[in-house]
Amino acid sequence: GQQLNQSPQSMFIQEGEDVSMNCTSSSIFNTWLWYKQDPGEGPVLLIALYKAGELTSNGRLTAQFGITRKDSFLNISASIPSDVGIYFCAGRNAGNNRKLIWGLGTSLAVNP
Amino acid sequence: NAGVTQTPKFQVLKTGQSMTLQCAQDMNHNSMYWYRQDPGMGLRLIYYSASEGTTDKGEVPNGYNVSRLNKREFSLRLESAAPSQTSVYFCASVGGGSRYNEQFFGPGTRLTVL
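Protein sequences appear in the order of chains F and Z.
So for the first sequence, my numbering puts the first residue at 1; every next one is plus one.
So for the second sequence, my numbering puts the first residue at 1; every next one is plus one.
Because the hints were derived from the structure by calculation, they are not lab data.
Each residue gets a CB set at the ideal place from its N, CA and C atoms; glycine is no exception.
Heads up, some of the hints might be wrong.
[Stated by the list, open to error] A short, non-exhaustive set of chain Z residues, derived as facing chain F with CB atoms under 10 Å:
1. Q6
2. Y64
3. N101
Taking the hints into account, I'd like the entire structure generated from these sequences.
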């Protein structure tokens, strides 16, 4: 099935650095979601975006719904050790009424 | 409010054995989903239930069956387990209204088939 192109695949950064990751799609989406998964746990929703151009923050996290409606970005400012985990993007296009399309994840490691 | 719960947390089966993974949500959500997660493959949809009484196949339904027992519960059954079904299984549910795409996940069931 269709998957999103999520990059980078992995990141290793120093504590305090900012982080950027993104997802792109070949089709237009009307919803973008960003999740974080800690080891041994289920994914937890961080930010939901429903409108092209929308910029939404959740603490140190900021996500944007790209104006082309084919991409989305997640930024983490001033990273801390508990930011470690896998970040997934997911989206819905007009043809999938109930189903989300998922990226393969960005694995983030933070060096204290 | 427990959210989405899954049982068991861990399970080891032998090839050919059967088992049912249980999922329940207490958020009064209409839609529920079963995913499997394998290294490097992300989350793949097995089956989903848009509402009580309905179920539909996802991306990888072969070897699985589901039952939407009531609005709260959605179970996943492996009739004859195979090593290729070794995976982590997640259940999720979705509410309605303005948050109609936001899926909430359970903690997962880690299944090993020998």
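Against the structure, the hints:
no.: 1; hint: Q6; verdict: holds, 8 Å
no.: 2; hint: Y64; verdict: violated, 16 Å
no.: 3; hint: N101; verdict: holds, 4 Å
In this structure, the one hint that does not hold is number 2.
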